[in-house]
Amino acid sequence: MYGSGLIKGMGVTLKHFVESYAEDLKYVFRGGRYNDKYIAVRQGPKAKGIFTVQYPEEKLPVPENFRYIPFLVFDTQKNEDKCTSCGICAKVCPPQCIWIVRTNDPKTNRPIPQPAEFYIDASICMSCSLCAEFCPFDAIKMDHDYELSSFERFNTLVFDKARLTKPDTYHAAIHPTDWARELQDQAEAARKDAEKAAAAAAKKAAADAAAAAKLAEAAKPTDEAKPAA
Amino acid sequence: MAAKAAAAPVAELTGPLAALKDKFGDALTPGDFEGVVVNHDQLIAVATTIRDELGYDYLTSLTGVDYIAQNEMEVVYHALNTRAGGAPLVFKARTPRDHAVVPSLIKVWPGADFQEREVWDLMGIKFEGHPNLKRILMWEGFAGHPLRKDWKEAYYEQDTKPFDSRWPGGHHRRAEDRVAYADNVNFPANFDPTVYTAQADAAVYENFKNFYVDEHGQFMPKEAVEGGNGNGQFHEHLETDELVVNLGPQHPSTHGVFRMVVTLDGEKITHLEPVMGYLHRNHEKIGERNTYIQNMPFTDRLDYLSSMSNNFGYALAVEKLMKVTPPERAEYIRVIMAELTRICNHVWAIGFLLNDLGAFFTPALYAIEERELILDLFEAASGSRMMCNYFRFGGVARDLPAGWLETCRELVFNRLPKKIDELDYFLSENEIIRARCEGSGTLTGDDAVKYSVAGPVLRASGVAYDVRRAEPYSIYDRFEFDVAVRNHGDVYDRYLIRLDEIRQSLRILQQALKQIPETGEIQAGKKQYSARVPAGQAYGRVEGPKGELGFYVVSDGTANPYRYHIRAPSFINLTALGPMSVGQKIADVVIILGSIDIVLGETDR
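The listed protein sequences derive, respectively, from chains G and R. As numbered in the working numbering, residues 1 to 229 make up the first sequence, in order. As numbered in the working numbering, residues 1001 to 1605 make up the second sequence, in order.
Derived by calculation from the structure, the hints in this document are not laboratory data. Note that beta-carbon positions come from the ideal geometry of N, C-alpha and C, so glycine has one too. Check before you lean on any hint, since a few could be wrong.
Claimed, not checked - On the chain R side, residues computed to face chain G include the following (Cβ under 8 Å): (1) Pro1162; (2) Thr1407; (3) Leu1411.
Please take these sequences and the hints and turn them into a complete structure.
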C-alpha cells in the first residue's frame, strides 16, 4: 500500500516518544531518572528513553584514559618536581607547544635535572598525550579538567610551571590504574635497588673478608718472620 | 638518481610489468622501487596499455615528489585492477624541476582530473593536455607551490621538528610575535587583491553585467532600461537564460565549507563545478616537517569522523617501511576499532543524508545515539572521542581498559544489530525517501571506475571492490564477510549499501570479539619517541569508511618523512560529482553530495 512505509516510520517515532515517558516512569519512586546516580544507565549500552545530558547542569563522568591539556606531577613525598627537564616531551610534541628551560648550576654551568621554566601553550596543544606517553619519569600526565575557556586568548592560555604543577595525590585520584602501576614500578625499582645494594654489600663484605684474609695472609709471614728475625 | 636508474638494465622488470617490456622496452627504466619509470613521450601509450592490456582499469593515486637534491620532480601513479584485485601497479614519470611538465593522463583515466590539478597547485608540475589545469586547493592570489621543498610557510621556523628553540633554552615566544603580520603576506607578481575576482565567481558576476541596480536597490535587466519602454518594465515575452548559482561556501547542505558553482537551465543542472580548499592547511607539508610519530595525531584531523581508520592507514604505510608487524592482540584491537569507526561513519552519513532530504534531525539523532555509544568506547580506550591518536607503529597506544570488551560485546551482539534493523525499518520503505532518492545521481559502474570513485559510492554502482578483500591487510583475511554491492548506482543504493556495510562490519566485529586473545602484548618491540624508518617508499592503504584511504610515504632515512601524501577518498570521489549531477534538478544536488559523504577536513587537507 502506498504510504505504508511512511506509517511504519511514524510508528518508530511514536515508539521512541512513548518509550521516553515509560522509561521516566520507572524511576519515579527511585528519586527520578535525571541525576548523577543513573547517568551511567542513561548513557550505557542498554540505554532507553531520553539520551541527552543537560550540560552544564549535569556532567558525564570521564573515563580514566580521558586526556586534556597536560599537567606536571609534583612529588609530595620527596617535595620536588618529578620533571628532570630531559626534553623528551618537547621533542615528541607534534604542535611544538612545550617550552622548557633547563636549570644550569650557577657555579659549574652543568645542567641540573630540574626545569627552570616550563610552558605549555594551551592554545596550540592538541591534547594528543604523546608527552605523557613517552615521559620516562611519569612526570607529565594528561588532565581531566576540560573547562578552560577564558576571555583572553594570549596570556591566560600560556600555562607556566606554577599553573601546570599539580600534586601527585591529584594524579593518583584521577588515574588510579596508572598510579597503581607507578607504585608497582617504584616498588619493583626499590626491590631491585635493595637487591643490588644487598648484592653490593655482600660483594663488599666478601671483598672485605678477602682483603682481611689477604691482610692476615700478608701479616702472617711477618708474624712468622718475626721470630725468625 | 636518474642517471643511476638509467644504467640499470630493462631486463629487471618483473611481474605484470614484464609484459610491457617487449612493447616499450626503450621507454621503461626500472627504478629503485617496485615499479617502473616511464619516458614522457611514451607515458600515455604505456598508461593505455596498462589499462587495456594489463587490466589496471582504475587509477587510485597520483602524486608528485620533489627531489630537490637531484633537481628533479617525479609523478607517481598507482593503478589498480578492480576485477582481479591485488597490489597496485606503480609507475613514475620524471621531469626537471625548473621546467616541470608531464603529459596529462586525464584521457586515459578521467579520475586523474582533480589529482593532476592538485599536483599542479601544490608542486607546480604542469600536465600537458589537461583541459582545466588551474589551482584547486589554493586560491589564485597564492604565490608559489607550497609542497616544493624550497617553499617556506608564513610562520616558518625550521625545516624539521623538533624545533631547537623549545629545549633546553625554551623561553616561550608566540609565532605571531616572531613574525609580524605584514611579513607573511605574499602575492604573485601582477596580482592585485583589491580588484581580484575569483575565476569561478567571474562567471557569476558576468551575468550581473546585464543588469542595472535602480534607486530602490532592485536588479533591472539592462535591455528593459535601454529598450523602447525605458520605464524599467520587463519585456512581455519570456526570455530564458542560463543562470549560475553558488551553493556554498557557507551552506548547510555542503557539510562544511565547500562550494558548488551550478549552471542552471530552469531547474536543470547543465554544469557543476566543485570549489574547495577553504579548509586547506597544507597537511602534507606539516607532515613533512613532523617526525613520523608526530603525524599520527594529525591524521586524526583528516576525516575527523573516522580517525581510527586514518591512524590505521598511516600506521600500515610506515610499518611497511619499518617492516614490523603488530602482535596478535593489537591486530584484533585495530580491526575492532576500524570496524566500529565504519559503523560510526555510516550511521552519521545516513542520518545526515536524511537531514539533506529534509527529515530534520529525527533520523539523524537516532543514528547519533548509537554513534555516541561507540564514541564512549573510543574515549575509554584512547582518551578522546574523535581525535583518537590510538595507533602506534607496531601496535596500539595502550591496552584496553578493564570492562571494555564486555561493553563492546553488549553493543555489538545485542544493541547495534537491533538498532540498525530499526533504522532500516524506519527509513528504507519510506515513500518520500524512495521518490527522492531512486534514480537520482546515477553513476554507472564503468563511470565509477573511470572517475576513480571509491568506497560505498563505487560499490553502489555494482563494482565489488573492497581493499579488505582485494588486498587484505592486517588480519582481514581471517574473517568471513561479504563485500556489499548494489547495482543501481543511485542515491538510494548508496544509502542502502551503507546499511549493508554496517551489517558486514558487525559480522566482522562479532568474529573478532570472539577470537581476540584476552591478554597479550599490544606493541611489537620497544616503543620509541623517535621511530627509525629505513629509506624507501611505501603506499599503505585501508578500506576507510569513505573509500580507499592511502598513505604514500617516502623516507630518506632521517627522522622526518621526505614525502607524505594522502590519497583522500573524500577528495577524489568529488571528481564524479559533476558528471553525476548534470541533468538532475537543483534540489537533488544536495542529496547527491550527501550520498557521496564527504568530510572537508579530508577533502581540503
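Each hint tested on the structure:
Checking Pro1162 of chain R against chain G by beta carbon gives a least distance of about 4 Å; that is within 8 Å, so the hint holds. Checking Thr1407 of chain R against chain G by beta carbon gives a least distance of about 6 Å; that is within 8 Å, so the hint holds. Interface hint status for Leu1411 of chain R: upheld, as the beta-carbon distance to the closest one in chain G is roughly 5 Å, under 8 Å.
In this structure, every one of the numbered hints holds.
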